[in-house]
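Novice: Single-letter residue listing:
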Amino acid sequence: MANRRVKFTFPTELIKEPVIHQLGQQFKLVTNIRRADVREDMGWVILELEGEEAEIDRGIQWVSSQGVRVDPVGGDIVEG
Amino acid sequence: MAFVTGLRCRECGREYPIEPLNVCDFCFGPLEVAFDYEAIRRVISRQRIQQGPGSIWRYQDLLPVDRSERVDINAGFTPLIKARNLGRYLGLENLYIKNDSVNPSFSFKDRVVAVAAAKALEFGFDTFACASTGNLACSVAAHAARAGVKAVVFIPADLEAGKVLGAAIYNPTLVAIDGSYDDVNRLCSEVADNYPWAFANINMRPYYTEGSKTLAYEVAEQLGWRFPQHIVSPAASGGLYVKLWKGLKELEALGLVEGPLVTRLHLAQAYGCAPIVSAYRKGSGQITPVRPNTVAKSLAIGNPADGIYSLEVLKESNGRAWAVGEGRVAEGIKLLAETEGVFTETAGGVTIAGLANLVRTGTIKRDDLTVALITGNGLKTQEAVQDVVKTVNIEPNLGSFQEAMERLEAKGR
Chain A
1 MANRRVKFTF
11 PTELIKEPVI
21 HQLGQQFKLV
31 TNIRRADVRE
41 DMGWVILELE
51 GEEAEIDRGI
61 QWVSSQGVRV
71 DPVGGDIVEG
Chain B
81 MAFVTGLRCR
91 ECGREYPIEP
101 LNVCDFCFGP
111 LEVAFDYEAI
121 RRVISRQRIQ
131 QGPGSIWRYQ
141 DLLPVDRSER
151 VDINAGFTPL
161 IKARNLGRYL
171 GLENLYIKND
181 SVNPSFSFKD
191 RVVAVAAAKA
201 LEFGFDTFAC
211 ASTGNLACSV
221 AAHAARAGVK
231 AVVFIPADLE
241 AGKVLGAAIY
251 NPTLVAIDGS
261 YDDVNRLCSE
271 VADNYPWAFA
281 NINMRPYYTE
291 GSKTLAYEVA
301 EQLGWRFPQH
311 IVSPAASGGL
321 YVKLWKGLKE
331 LEALGLVEGP
341 LVTRLHLAQA
351 YGCAPIVSAY
361 RKGSGQITPV
371 RPNTVAKSLA
381 IGNPADGIYS
391 LEVLKESNGR
401 AWAVGEGRVA
411 EGIKLLAETE
421 GVFTETAGGV
431 TIAGLANLVR
441 TGTIKRDDLT
451 VALITGNGLK
461 TQEAVQDVVK
471 TVNIEPNLGS
481 FQEAMERLEA
491 KGR
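First to last, the protein sequences are chains A and B. The first sequence lines up with residues 1 to 80 when you count with the working numbering. The second sequence lines up with residues 81 to 493 when you count with the working numbering.
A hint or two may mislead.
Restricting the straight-line Cα-Cα distance to at most 27 angstroms, the calculated cross-link-like pairs of lysine-lysine (DSSO-like) are [unchecked claim]:
1. Lys-326/B with Lys-362/B
2. Lys-16/A with Lys-326/B
3. Lys-329/B with Lys-7/A
If you want the footprint, here are the derived chain B segments under chain A, 3+ residues with CB under 8 angstroms [as the list claims (entries may be wrong)]:
4. 203-214
5. 365-372
These are calculated hints, taken from the structure and not from any lab test. Where is the CB? At the ideal position from N, CA and C, for every residue including glycine.
For reference, chain B alone in the conformation it holds in the complex:
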């Protein structure tokens, strides 16, 4: 059973029962799941976790829902790899890559959607829904397929064909909205108010975001129950970033990892959509919404729901926030692929470029234990790196091949 006491408003502290609800009726602040940590402390242990399944459900005691086989597509427990080559390139001895691009629908969204979908079944919903430009759509459609319920996925009409296919393959109802980014946001908000569906990041949001904590748990467990000195995360709504910190604090408070919590949690956004970084730089506690114009479309959230709370975590964890140049995103993708054999999407490119900045400016030192979060798969954003395709064209005979090889050797390849 889940160790949950209810929902609590992050702004005014009012409490609500466990319901499909995301906004406080009184002050319209966001609701968050509240746990009974004393009860959790009595049952949880490293051993209990390690005996659990090789998925996010090994941390079920810390999630607001019971595992449901019906909806489970085996999200999480992805590889944490020692990045020796990338570390050497950047000047780091203890760099790790948390490769969440190998989740079942190829992004970290499977962690959050798994929790939201299981909760939606508990509530008795027969339709999962979301509005997305990519990863979330794929994950919601995949979980709905597994659960045998309907999926309705809203997308902007001008979305790239590859991304539409990535969701369409699971056979959801795909609704393409012809309008601006703001129009799509506004309409989906109204649809969510008027239809009795489980919207992953709207009425399911308090439960959905808790799934992000599992990324922090896994990093610590896979490091041998240690806190790294640095974690570098991409940020869009800020939901992942904020919940990473919540997860790390829970590990410390429950004694699963020996404190103190030393991790500095850093955040990276792309220059064309960096409202959290802008507020951090200004030293403002205010997020000024922006209209996204970035190649990192999976991070294109101009009005981030957890933006203000991200600023609080930056302060509390002594983290730094970086906006990386748009041109650096593709460079980051290529660098990770060429050094570690991991092909990430644009959000991962942002993480790697942000990591490089943190090293270059001396925030991360050579021996520091550092983890970079790779949250999505490169096959989803191939257009960002199309220029890598350079073939060696030859005639179908050995002589032609040998000549080509000689030309390549002369060029030093």
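If we strip away everything but chain A, and leave its shape as in the complex, we get:
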């Protein structure tokens, strides 16, 4: 089993969608929210995903395909 810490950023149109619930339903992943800030126009959730490495990759791919931005928890890694 693997763990990955990620940040989901939701655009306005996805604020009301239960994306994290669906992620846990559709993939063999445990989602563990640690911090979040959800407002009317946007929101972010910092969470840990636990599951098989390949399943985490598939889950993240699906979340991204829904229009949610997925980033490493500490911000961009690549610097100038």
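Following the hints, put chain B in place on chain A, whose structure we already have.
Specialist: Coordinates of chain B only, in the frame set by chain A:
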């Protein structure tokens, strides 16, 4: 010895021992180095600093690591020059340029990497690593070469040849990743989780960012232990910007510079990647990540780690944030070169264009003591100003030269 008490989460305040760790296990917030300022106050003085080496290590009492000769490439204590010509052009009487483009690997990154690298040696790592599109890669590879340890540098596969060479010359393992900017970020995050290496801006990040404070210390010391009224800084992750403020506050709290801390700390980004400026303008405490599309590649961080904290500093320091037009970046580079003889990279162009905006809009007044931070060298981003190359072509005889001179004089040159 370093006057450090531990690491502390910026979000929930939980404390951790000094380890290669950057994220709080509880809330996943970023960790920051906590200092024992009472102990520092007992030993530090202007005199003690001035007797120190001509590098960032003169401020060792305020850094989370002891100086290591093994890794030291002499970063910092760069020139602060009075910019009379640029000041005259912009309408400023007291403008200074802090020229960090003359650091050993030609950017301010040497300050942060020096601290991260020294800490990595303390922890016993045998490999330094980073993911970078330029300056950070050069600095990590250079410090690893000096320390005699391995370097692994991740770069996007489509990086310009000149930038690849700037890092490759130090002989690191260069890993070129074929993918989008987001793919590179994601992969490097996973690599950092799986390999026992010292990643400069990941597991070394709490120590790494402290190195930025030395830029603030030097500005104040070189001004005769004074706070300027304005500092204009470029911003990417926001790490430099936030730590500049921390450095200035430390100087005041320790009595090294007489308060009050009057400095307004301004921030500039390029229009094609300005997530901090956008949030500032909206008055939002939220950073909306963007996909960078800017000529200022050294500032191309779409999801800035210290973005939210930058907004706090903007408020606390009464600073302003500007996004400068992409076309203004090259203009800023040329203006600085033509007026002061300093050739900066695109981030410096952003700073100069931002400075011009702050003057034009009346934020910075004619007599205000102002410092603009030039963080990188122009030789690294030559493609941004290729159009300056205009030669006078002549035959190899004096007559041809004289004719050319007459043509130039007629044009007023």
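Novice: Hints broken by the structure, by number, lowest first?
Specialist: 2, 3
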